[in-house]
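**Student:** Residue numbers (the working numbering), protein chains in the order written: chain A, 16 to 120; chain B, 16 to 120; chain C, 200 to 343; chain D, 200 to 343.
Just so you know, the hints here were simulated from the structure itself, not pulled from any lab data. As the structure is a computational prediction, the values presented were derived from the model and not from experiment. A few of these clues could be false.
What the hints assert, rightly or not - DSS-like cross-link-like pairs, simulated, lysine-lysine; straight-line CA separation at most 27 Å:
(1) D/Lys-259 x C/Lys-239
(2) A/Lys-105 x A/Lys-58
(3) D/Lys-259 x C/Lys-215
(4) C/Lys-244 x D/Lys-209
(5) C/Lys-275 x D/Lys-215
(6) C/Lys-239 x D/Lys-215
(7) A/Lys-104 x D/Lys-209
(8) D/Lys-275 x A/Lys-48
(9) A/Lys-114 x D/Lys-239
(10) B/Lys-28 x B/Lys-85
(11) C/Lys-209 x D/Lys-239
(12) D/Lys-215 x C/Lys-244
(13) A/Lys-100 x D/Lys-239
(14) C/Lys-215 x D/Lys-239
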Amino acid sequence: MSLIIEKYYYEEKKQWSVSLIGEVDIYTAGQLKETFIKLIEEKKEDIKINAEELDYIDSTGLGVLIGALKRLKQENKDIILFNVKPSIKKLLNITGLDKIFIIEG
Amino acid sequence: MSLIIEKYYYEEKKQWSVSLIGEVDIYTAGQLKETFIKLIEEKKEDIKINAEELDYIDSTGLGVLIGALKRLKQENKDIILFNVKPSIKKLLNITGLDKIFIIEG
Amino acid sequence: MSKKNNDEIKLSIPNKPEYVSVVRLTVTSIANRMGFDIEKIEDIKVAVAEACTNAITHGKNEEDNFLVDFIMEEDKLVVNVSDNGRGCTTLNEIKNPDLDHLNHEKEGGLGIFIIRSLMDNVQIISNHGSGTIISMTKYMGEDH
Amino acid sequence: MSKKNNDEIKLSIPNKPEYVSVVRLTVTSIANRMGFDIEKIEDIKVAVAEACTNAITHGKNEEDNFLVDFIMEEDKLVVNVSDNGRGCTTLNEIKNPDLDHLNHEKEGGLGIFIIRSLMDNVQIISNHGSGTIISMTKYMGEDH
Ligand SMILES: Nc1ncnc2c1ncn2[C@@H]1O[C@H](COP(=O)(O)OP(=O)(O)O)[C@@H](O)[C@H]1O
Ligand SMILES: Nc1ncnc2c1ncn2[C@@H]1O[C@H](COP(=O)(O)OP(=O)(O)O)[C@@H](O)[C@H]1O
Numbered sequence: 016m017s018l019i020i021e022k023y024y025y026e027e028k029k030q031w032s033v034s035l036i037g038e039v040d041i042y043t044a045g046q047l048k049e050t051f052i053k054l055i056e057e058k059k060e061d062i063k064i065n066a067e068e069l070d071y072i073d074s075t076g077l078g079v080l081i082g083a084l085k086r087l088k089q090e091n092k093d094i095i096l097f098n099v100k101p102s103i104k105k106l107l108n109i110t111g112l113d114k115i116f117i118i119e120g
Numbered sequence: 016m017s018l019i020i021e022k023y024y025y026e027e028k029k030q031w032s033v034s035l036i037g038e039v040d041i042y043t044a045g046q047l048k049e050t051f052i053k054l055i056e057e058k059k060e061d062i063k064i065n066a067e068e069l070d071y072i073d074s075t076g077l078g079v080l081i082g083a084l085k086r087l088k089q090e091n092k093d094i095i096l097f098n099v100k101p102s103i104k105k106l107l108n109i110t111g112l113d114k115i116f117i118i119e120g
Numbered sequence: 200m201s202k203k204n205n206d207e208i209k210l211s212i213p214n215k216p217e218y219v220s221v222v223r224l225t226v227t228s229i230a231n232r233m234g235f236d237i238e239k240i241e242d243i244k245v246a247v248a249e250a251c252t253n254a255i256t257h258g259k260n261e262e263d264n265f266l267v268d269f270i271m272e273e274d275k276l277v278v279n280v281s282d283n284g285r286g287c288t289t290l291n292e293i294k295n296p297d298l299d300h301l302n303h304e305k306e307g308g309l310g311i312f313i314i315r316s317l318m319d320n321v322q323i324i325s326n327h328g329s330g331t332i333i334s335m336t337k338y339m340g341e342d343h
Numbered sequence: 200m201s202k203k204n205n206d207e208i209k210l211s212i213p214n215k216p217e218y219v220s221v222v223r224l225t226v227t228s229i230a231n232r233m234g235f236d237i238e239k240i241e242d243i244k245v246a247v248a249e250a251c252t253n254a255i256t257h258g259k260n261e262e263d264n265f266l267v268d269f270i271m272e273e274d275k276l277v278v279n280v281s282d283n284g285r286g287c288t289t290l291n292e293i294k295n296p297d298l299d300h301l302n303h304e305k306e307g308g309l310g311i312f313i314i315r316s317l318m319d320n321v322q323i324i325s326n327h328g329s330g331t332i333i334s335m336t337k338y339m340g341e342d343h
C-alpha cells in the first residue's frame with residue numbers, strides 16, 4: 016500500500032539503480048523527493064528506475080521525477096525508466112513525459 | 016469479486032464435489048442456495064466443498080450451508096469442507112459450525 | 200478548544216446487496232492504512248460487512264441509503280453502521296447461536312453473534328420504527 | 200414520479216494525503232462492481248485520485264473533509280469531487296502541459312490535464328473563495 020525505495024550505485028556504469036515498489040502519490044511523493052535529492056547530492060549521474068513493481072504513480076510523483084530530471088539535465092544526465100506497467104506507460108504517453116524521460120523495455 | 020461455483024458428481028465415491036471460488040455474501044448467497052437445492056434434488060449424497068479459493072463467506076453464506084446440511088442430515092449425509100483459509104476457519108470456530116460440518120485439512 | 204479532532208470517514212451506500220463488497224474493500228483499506236495487523240483487518244472487515252448486511256436486510260427500502268461512519272483514533276477504530284429501517288428492541292438480547300437444535304433453527308441469527316465475537320466493544324441502539332445503529336470498536340494493541 | 204433514482208455512493212474524507220489511497224480502492228471497487236473493463240477502471244482510479252489530490256492540496260485545512268460522490272447510471276459513472284477550498288477561476292483554462300520548457304516549468308500542472316485526458320466528460324465549477332467541484336464522467340461503452 017505504501018512505497019519502498021531500493022537504491023544502489025553501480026560504480027562501473029556510473030549509474031544509480033533505483034527500484035520503486037508500491038505506490039507514489041501525494042502521501043509518499045515526499046519520500047521519493049528526499050531520496051532523489053540525496054542521490055543527486057552524492058553523485059550527479061544517470062538514474063535508472065526499475066518500475067516492475069511500481070503499481071501506481073500520480074501527478075505529484077511525476078512532478079518529483081521532472082524535478083530530479085531538471086537537476087540532472089544541468090550535467091546532461093538522464094532518468095531512464097524500465098519495466099513500466101501499461102497503465103503507467105499510458106500516463107507517460109498522454110502527458111508527453113515519454114519524450115523527456117528515456118523509457119526502456 | 017464475485018462467486019464461481021464448480022460442481023461434479025463422483026459416481027464411485029457417491030459424493031458431490033463443489034469448488035467455491037471468490038466470495039459468498041448477501042449478493043452471491045442466492046446463487047449458492049440454488050446450486051445446493053439442485054444438487055440435493057438430483058442426488059442426496061455427501062457434499063465435499065473445496066474452499067481453497069473461497070476468500071470470504073458471511074453469515075448469509077453460512078446460513079445457506081446450514082440449510083443444505085439440514086436437508087442432507089435427513090438421509091444421514093454430510094457437508095465436508097477442506098482447504099479452508101484461516102480467516103474462514105476462525106469464523107467456523109467462533110460460531111461452533113466446525114462441530115456440525117466436517118472440516119478437513 | 201485545542202483538542203485535536205479525530206479523522207472521520209463517512210460512507211453513504213445504497214441499501215442493495217451488490218454494494219457490501221464496496222464497503223468491505225473500503226474498510227480493509229482504512230484499517231490497513233491505520234496499521235492494524237492482517238488478522239485484525241479481517242475481523243473488522245467481517246464484522247462491518249455483517250452489520251451492513253443487516254442494515255440492507257432490515258433497511259427500509261432499496262431507494263434508501265445506509266451510513267457507515269469510521270472514526271479513526273490513535274489506538275482504535277470505531278465503525279458505526281446506521282440504517283433507517285424498522286429497528287428491533289430485542290437486538291441487545293441476542294446470545295449464542297443455538298446450533299444444537301439444527302432442525303428447529305431457521306437459517307440465520309449468526310450476524311450479531313459474529314460481530315460481538317470479532318470486535319472489542321459493540322453497542323447497539325435500536326428502537327422500533329426509528330432504525331438501528333451498530334457501533335463497533337477495535338483496538339490496535341495486544342491486550343484486547 | 201415512477202422514475203427510478205440512480206444509485207449513489209457518497210464518501211466524505213479528511214483533507215489528508217494518507218487517505219487518497221482509500222478513495223482509490225473504493226472507486227476501483229465501485230467501477231469493478233459496475234462492470235467496467237480493467238483499462239477503464241484504471242483511468243477512473245487515476246482521474247479521481249488526481250481530483251482528490253487537488254482537493255487536499257488546495258483545500259481549506261486539515262480539520263476539514265472533502266466529498267467524493269459516485270452516481271452510478273446504466274451506461275456511465277459520474278464522480279464529483281468537491282472541496283471547500285480557495286477555489287480558482289482559471290481552472291477551466293488549463294491546456295496541455297508545457298514540457299518543452301522544462302527549465303521554466305515548476306513541478307506541477309499535470310493533474311487537471313490527466314483528468315481531462317482519461318475521462319469522457321469533465322466539468323469544473325470553481326469560484327474564488329467558495330470551493331471547487333470537479334465532475335467527471337466515464338461511459339461503459341466502446342464509442343467514447
Ligand atoms: N439493522 C437491523 N434492523 C432491524 N433489525 C435487525 C437489524 N439487525 C439485526 N436485526 C434483528 O436481529 C436479528 C438477528 O440478526 P442477525 O444475528 O444478524 O441474524 P439474521 O439477520 O441472519 O437473522 C434479525 O433477525 C433481526 O430481527
Ligand atoms: N480543488 C482546487 N481548488 C483550487 N484550485 C485548484 C484546485 N484544483 C486545481 N487548482 C488550481 O489549478 C492548478 C492546476 O492544477 P493541476 O493541473 O492539478 O496541477 P497542480 O495541482 O500540480 O498545480 C493548480 O495549481 C491550482 O492553482
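**Student:** Now, for every hint given, state plainly whether the structure supports it.
**Tutor:** Going down the list of hints, with the structure as the test:
A hinted pair counts as satisfied when its Cα atoms are at most 27 Å apart, and D/Lys-259 with C/Lys-239 does not qualify at roughly 34 Å. Between the alpha carbons of A/Lys-105 and A/Lys-58 the distance comes to roughly 31 Å, so the proposed pair goes past 27 Å and is violated. With a C-alpha separation of about 34 Å, the suggested pair D/Lys-259 and C/Lys-215 falls outside the 27 Å cut-off, and the hint is violated. Restraint check: the Cα-Cα separation between C/Lys-244 and D/Lys-209 comes to about 19 Å, which is no more than 27 Å; the hinted pair holds.
Proposed proximity of C/Lys-275 and D/Lys-215 is supported: the alpha carbons are some 19 Å apart, at most 27 Å. For the given pair, C/Lys-239 sits about 24 Å from D/Lys-215 by alpha-carbon distance, which is consistent with the 27 Å threshold. Using a Cα cut-off of 27 Å, the hinted pair A/Lys-104 and D/Lys-209 is violated, with the two alpha carbons roughly 31 Å apart. A threshold of 27 Å between alpha carbons decides the hint, and for D/Lys-275 with A/Lys-48 the separation of about 37 Å lies outside it, so the pair is violated.
For the hint pairing A/Lys-114 with D/Lys-239, the CA-to-CA distance comes to about 24 Å; that is within 27 Å, so the pair holds. Straight-line distance between C-alpha atoms of B/Lys-28 and B/Lys-85 comes to about 21 Å, which keeps the hinted pair within the 27 Å bound. Using a Cα cut-off of 27 Å, the hinted pair C/Lys-209 and D/Lys-239 holds, with the two alpha carbons roughly 26 Å apart. With a C-alpha separation of about 23 Å, the suggested pairing of D/Lys-215 with C/Lys-244 holds against the 27 Å cut-off.
For the suggested pair A/Lys-100 and D/Lys-239, the alpha carbons sit about 15 Å apart, so the restraint of at most 27 Å is met. This hinted pair checks out: C/Lys-215 and D/Lys-239 have alpha carbons roughly 24 Å apart, not beyond 27 Å.
Of the hints listed earlier, those the structure fails to meet are numbers 1, 2, 3, 7, 8, in rising order.
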